[in-house]
Every structure is written in C-alpha cells, then in structure tokens.
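Chemist: Sequences listed follow chains A and B, in order.
Just so we're aligned: 312 in UniProt numbering is position 312 of the first sequence, and the numbers increase by one with no gaps anywhere.
Just so we're aligned: 398 in UniProt numbering is position 398 of the second sequence, and the numbers increase by one with no gaps anywhere.
Fair warning: there could be bad hints in the mix.
Intra- or inter-copy, both count: the list cannot distinguish identical chains.
What the hints assert, rightly or not - Under the rule of at most 30 Å between Cα atoms (straight-line distance), these lysine-lysine pairs were calculated in the DSBU-like manner: (1) 158 <-> 268; (2) 158 <-> 213; (3) 309 <-> 104; (4) 145 <-> 243; (5) 323 <-> 232; (6) 104 <-> 400; (7) 269 <-> 104; (8) 142 <-> 232; (9) 224 <-> 195; (10) 213 <-> 117; (11) 117 <-> 232; (12) 319 <-> 158; (13) 213 <-> 400; (14) 313 <-> 376; (15) 387 <-> 101; (16) 313 <-> 269; (17) 254 <-> 104; (18) 142 <-> 387; (19) 313 <-> 232; (20) 309 <-> 213.
Hints are computed from structural coordinates only; laboratory data are not their basis.
Treat the numbers as computed from the prediction; the structure is a model and nothing was measured.
There are 2 protein chains.
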Amino acid sequence: MIVELISVGTEILLGNIVNTNTQYLAEKCALLGLSMYHQVTVGDNRERLSAALETALSRSDVVILTGGLGPTEDDLTKEVCAEVMGFELAEDAHTRERIEKYFKNSIYKDIPDNNWKQAMVPQGSTVLDNSNGTAPGLIMEKNGKTAILLPGPPNELKPLFTEQVFPYLQNRQPEVIRSQMIKICGYGESQVEDKLIDLINTQTNPTIATYAKTAEVHLRVTAKADNEEAAKNLLKPVVKEIKNRFENAVYTTKEEETLEMAVVRLLKKYELTVTTAESCTGGLIAGRLVNVPGASEVFREGFITYSNKAKRKYLDVSKGTLKKYGAVSEQTAKEMATGGVFATDADACIAVTGIAGPDAEGEKPVGLVYIACYMKDKVKVEEYHFKGNREKIREQSVVKALDFLRRSILSNYH
Amino acid sequence: MIVELISVGTEILLGNIVNTNTQYLAEKCALLGLSMYHQVTVGDNRERLSAALETALSRSDVVILTGGLGPTEDDLTKEVCAEVMGFELAEDAHTRERIEKYFKNSIYKDIPDNNWKQAMVPQGSTVLDNSNGTAPGLIMEKNGKTAILLPGPPNELKPLFTEQVFPYLQNRQPEVIRSQMIKICGYGESQVEDKLIDLINTQTNPTIATYAKTAEVHLRVTAKADNEEAAKNLLKPVVKEIKNRFENAVYTTKEEETLEMAVVRLLKKYELTVTTAESCTGGLIAGRLVNVPGASEVFREGFITYSNKAKRKYLDVSKGTLKKYGAVSEQTAKEMATGGVFATDADACIAVTGIAGPDAEGEKPVGLVYIACYMKDKVKVEEYHFKGNREKIREQSVVKALDFLRRSILSNYH
C-alpha cells in the first residue's frame, strides 16, 4: 500500500515553522510497513492544493493531508478534498455539539461565527473526534483511494493519529508488522551504530533503524510476518541481543515511555522521593518530572537557585566553596545535591550547575556542566562538556541529569 | 521569481530525520521576497527524482535540490539534474584538489574510491566550494531555468547557502521585500483575524499573515517595493494600525524577541526582580525565564512547591486556606505569590496552581488554573480554564503566567 503526505500551509512555505508532522507521520507509516515515495507541501491555495491532491491520488493509495482545517477563510483542505473526490459538505450535528462544548469550557466564551465552518463534513466520510481542538479529522474513501485529513497543530494531530488513524491503517495492511522500541541514553548515534554494525548490515527481517534524539538514541526493530506470533518470534532474539550489548543504557523498551516516565517508575518502585536543585537548567528538570502524571508521589518540591545567595540560603552551599571553586564546580554541585536532601525529607537530590552561555565565565568554557546526585548517604558528581547553543546545552543537561538519577537508582537499589 | 524546493533522501521518507533544511531555506527565500509554492521530498530513486525535477522546472524559475550529493551509489541528484537539463559531467580539477586537501586534514587518510565521483561536475555549471565537506554545491542555468544543488547535512548546507547562494539569488531579485513581525498574547488566532478582517481582506501590499503559537499569535506584515525606503513606508501605517488595535496585547515587534525576553527586558528596564512559585507548571516558568541570557539580573531563585507541605514551608500558605479552599484556588494562588515575595528579596512573584490532569480533583475540572501576581504591595489573581492534555495545559499556563507578569509591570510602572 502506497501512502503520500501532503502538508498544507503557507506558513510552511514561508519557513515560519519546521514541519515536524511529516517526520512523525513518516515514521508511523514506516512502522506500519507502508511505502512512502512522496511528501509534498503546498500553501493555502485552492488550485495548487487541488492539483497536488489529484497527482497524489493518481500515484498513491492513501493520501494523508495535514493542516488547513482551521476556522478561517484560508483553510481550504476539507473543501478542496470534497470537490476533487466528489463529496458534498453538510453540517454534522455531533461535531457541532463538540464545538459548542469546547467553547463552553474555554476562556473565550463567544464562539466566533467562522468556527461553525468546522462542523461541516463531507457526507459519507468518517469523522474522527479531536479531543484537543475544534477541527475533527476525516477519512474519505472513494474508488479504492483514501484521503485522510488531519489538523495541523501537532498536539491535535498526534493523539488523533495514534488513537484513530493508526489502527485504521493497520487493519488495511495484509502483512503483520510488529516493532519493538529500544531507548538508549549515554551513547551517541554513531557509537550505537558502531556497536550494532554487524546486525544492521546483515538483518533484513527484522530491520533496525536508529533515531537520534537530544542526548538519546532510539532504536526501532521491525519485523514482517504472516501472523503476530511469527513477527514476535522474529523480533525476540534481535531485541535480546541489543539489550545485552547496551545493558543499563537501555532505559525503556516501551514505545510511549519517556525518560522522565522511566525515572518516576523506578522512584515509585523503590518508594523513593527526589528533590531538584537547579542552577543553569532553571527548573527544567523539575518541569520534566512533573510531566509525568502522578509525579507528586515521588517529587514534592524543588529549588531553583540561580544566584550564589540562593545556593547558600536554600541548599547551604558554603561561602568558602563558592569562593574557592566557583558556582560552576564539582564541589558546588555536590554541596547543592547534599543540601537539597538535608533541606527536605527527600531520599535523593539531583543538582545541576553549569555554563549555558552565550558567555564563558573566566577560564570555564561554555558547555561545562556539573551534575551531582545524592542518594543513600553518598554524593556522586559527573562533569560534562556539551556542544551547541544555550538552549541545546540546557536540554542536554536535563537529559543527562535525569539519566544520572536513573542510573543511581539502579546501582543503589537494583 | 518562483522558487521550489526538492529534498532528496529516503531517510526523510522513512521519518528517520526531521527535515529542518526545508524550513531554513524557505525562511531565507521568503526573506529574499521569492515566491514559493511547492516543497517536495522524494527518495534516492532515479525515476521519481527525475519526474519531480521536470515538474518543478516546468512551474518554477529556480529549483533548489538538497541531498543526494554524497559519494555512494545511492546519491543521484547531480547525475539526474545533468540528464534532465542536458549537461555533460566532467571532472573538475579544482574540486578534485579540494577533496584531496579535505582528506589530508581528516582522520581518515585514505580517500575511498567513490569519493572521486564528487569531483565530477556538470560542464558549464557554477561550482560552489563547500568548506565543511567534500560535495560542492552547484548552480546549473539553462533556458531561463536554474537548478541549485546543495549537500544535505545542515552544517554544510547552511554556510554554503548563506555565503554563496543567498547573494546570488539577491542579485537576481528586482524588488525589495521588507517585513515586520508583531507578536500578540491574550487573543486566539480567530479573534485576531476578526479584529483585522478588514485589513487582511483589503491589503495586497503589504500583506498580513497570522501564525498561531501556544497561547500567542504572531503577525507578519510584508511589503514589496522598488527600494528599501518605499517598502518601509508601506509597512509603517499598517503596523501602526495593528498596534493601535491590540494595544498592550502586543508584547514585541522584534523578530527574534520571545515572550520571556520581553518580560526580562521590562524587568530590567524598571530594575525589578521576580521570583516564581510553581505548582502544576513545576519549574517551567523559571525555565523559560532562564532561557534569556543575563536573566540572573532579574531572577535569582524560584520555588517548585508541588506538595501542600512545600507550599506551607516555603511560601507560608496557611493550613486554613489549603483546608478551606484547596490547593487549586484563588486564595492559595494569592498566598503563594505573596509568600514568594516575602520569602525572598524579589520585587514581584508569579505563582501558579492548577489541575493539569489527567484526573480532575473532586469538583474542580482538569484545566482549571489560577495564576497570581504579587507586585507593589498588591496581589492579583486570574482564573483560567485551559483545554487539552496535561502538556498543553501546562504550556498555556506558562505563557499566560509570563504574560500576566508582563501586563502587571506595564500597569504598575509604565
């Protein structure tokens, strides 16, 4: 089955946004074993969208269109698809009701007139409820061809795709495709590939694909077979071999589990609580922990100690240490982590101090970051030299801090 | 002049990488005032690349192709372009010499045989030296059409484009294009469009484009003219009119200024410091403030008080308030903000408490968020009902909190 992506939006053609939807959908389609030969972006323009859709329908079985489902006059995707594929638009009572409900719970109490446009759907299409916005997704089937329309905002598109479009496409695939995710922290992408080069080069079923993330590498092992059991049996030995090669650097094999979810899971498992003491990351580690629903069981309070004074006041970092070694030092990181545990009733503390830039501090270069972890009456510290701009350095610090906490739990309690 | 982008690479079709080159090139082309109507991605496949190029040359003046210039057999872009446009390939002595030099300075001393393929260039094309790799860029002109070939790795493509392709395209543009950004907080996208519908519908030069961001709307006003002054004169009255209509909701007109940068700028201007008291946002407001280089002047410390105990301990929220009104209440938010100022020497405190979900708390629904701001001996609170998942509710809370702080500074000090 051949699938093609059409992104609709002048903002993409103008370079105002990075088109991350395309990567997301392409990865999921690859996971489903679908063939993708074209990805196309056009603006909010009737003629060009119409032409792009006609071309796509002529060479592909399924066309996924993203964007252009908003309430404004510029938003044309639904109208153009209906015209090209020969559908009539009519108001959908169910969708109208959902829009009313959406605005009832919103800070904007008045529903702008143009929002009612979003309740119009092609008659005979399948409406996909959107829990995070007012534009529903749509599946339109005719003459053996399918158009799937999805809203552009990633936080609307992703859950809609995962929950409703993915199973729909999976049902239409004759072969069974199963894949297993393996998420790794602590190795770069080329290091991971080096360690797996023999497997990557010789394997055809299952295949191994690597995805580089900020300070993480994700591996996807994918097998095709006639039935689920056969696919799983193909996966099993390869996944086992990879896990053996990376040991504790594998933080999860669950598709949806993030690093912070893995950390919170381990803290809960060993009934531990953690606090955070952040300087250059300024609250982002705590912010990641609180991403996890139910984090309150393991995380109750955190410190953002950006100034030296705050490091002394809340974390009892000594004046002497700050003076002798500076705020960005192994010693300060250790005292921050220790102070965090003593200032609270937490079992552990993860502390970060570093230079995110843009300016270096004396002899200490931009990218120098110390991360300390206090756990079981011991404090350990790691020194990092990160590359990139301020944002990139802070992002990497957050990931490494979460992973340091994870590794500390494993080595102390596992 | 119409420009079209063709990205070449199976790794993009498989979703292994996000195509950031396209955004980069699209933004630069917009800045040059070039019209872009299509962006296309095809894999490393001779027939499909050939067809995509033919289509692009038929409807656009300039086609920029990225990727597929590497040394392997899969890399076909140069060969296909030469074939489609009728150029002969021949070895370029200058490029051969550069490749030799590149390997001399590299850790890999032996030059793989297939690298010599990269010294072959279409006869009559312009060779663009690549300082960061072995594949040169190429400009091929024939019959009024131009193909520009650039290597795929962003660290090779970007300097090559900025230093050599941008000036080349600028020279070919007869018109001058200038644009002005206007960033707005406090109105939804359709509300912004409603307020500007007369301008949007009647303006052709300058044009007004809206971009929805999380709890923000960005407007770009773009004018074309014969010279810079004329373009600026076209922009001025429209920008002034938009600013009048949105007043204080406009937080910046600077292209690169983010909301947190605007907040830090105002804090610095009035010599104010701020602290943060965060519950459901768990450090993300502080994290945003620390995004800004030099934030340490205005932000020294922050509290993450996720538990009730922490709210009492650090912010002196009273037991009675927590018991009577609950942690997510107007009263608790106010006491958090007040407590934050009294616990530190900051001039202001922004406090957030809310229910990010996934579960409601008793009668209080998911998405209910209170934001309080203490400033100049007064504390004010705002109640929000956000939609979306946990992540989206937290993101909106952060933006609204930063904007509340910004509005408070303006109303107290401006």
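Chemist: Treating 30 Å as the Cα threshold, decide for residue 269 and residue 104: within, between, both or neither.
Modeler: Neither way: residue 269 and residue 104 sit 40 Å apart in one copy and 39 Å across, limit 30 Å.
Chemist: Please work out whether the CA atoms of residue 323 and residue 232 approach to 30 Å or closer within one copy, between two copies, in both situations, or in neither?
Modeler: Result: close neither inside a copy nor across copies, 59 Å intra and 52 Å inter.
Chemist: As a check of your reading, is residue 313 near residue 269 (CA-CA no more than 30 Å) within one copy, between copies, both or neither?
Modeler: Between copies only: 27 Å across chains, 32 Å inside a chain, cut-off 30 Å.
Chemist: What label fits residue 142 with residue 232 when the C-alpha limit is 30 Å: within, between, both, or neither?
Modeler: For residue 142 and residue 232, the Cα distance exceeds 30 Å both inside one copy (34 Å) and across copies (50 Å).
Chemist: Please work out whether the CA atoms of residue 142 and residue 387 approach to 30 Å or closer within one copy, between two copies, in both situations, or in neither?
Modeler: neither (51 Å within a copy, 35 Å between copies)
Chemist: Between the shortest in-copy and the shortest cross-copy C-alpha distance, which are at most 30 Å for residue 145 and residue 243: within, between, both, or neither?
Modeler: neither (41 Å within a copy, 48 Å between copies)
Chemist: State whether the alpha carbon distance between residue 213 and residue 117 is at most 30 Å within one copy, between copies, both, or neither.
Modeler: Between. Shortest inter-copy distance 21 Å satisfies the 30 Å Cα cut-off; intra-copy 39 Å does not.
Chemist: Given identical chains, is residue 313 near residue 232, meaning Cα to Cα at most 30 Å, within a copy, between copies, both, or neither?
Modeler: Neither: 55 Å inside a chain and 52 Å across chains, both beyond 30 Å.
Chemist: For residue 319 and residue 158, with the copy left unspecified, which applies at a CA distance of at most 30 Å: within, between, both, or neither?
Modeler: Neither: 49 Å inside a copy, 41 Å across copies.
Chemist: Using 30 Å as the alpha-carbon threshold, which applies to residue 213 and residue 400: within, between, both, or neither?
Modeler: Result: close both inside a copy and across copies, 13 Å intra and 29 Å inter.
Chemist: Measure nothing new, just compare the shortest in-copy and cross-copy C-alpha distances for residue 117 and residue 232 to 30 Å and report within, between, both or neither.
Modeler: Result: close neither inside a copy nor across copies, 46 Å intra and 37 Å inter.
Chemist: Should residue 254 paired with residue 104 be assigned to within, between, both, or neither, using CA atoms and 30 Å as the limit?
Modeler: neither (37 Å within a copy, 35 Å between copies)
Hint compliance for this structure: hints 3, 4, 5, 7, 8, 11, 12, 17, 18, 19, 20 are broken, all remaining hints hold.
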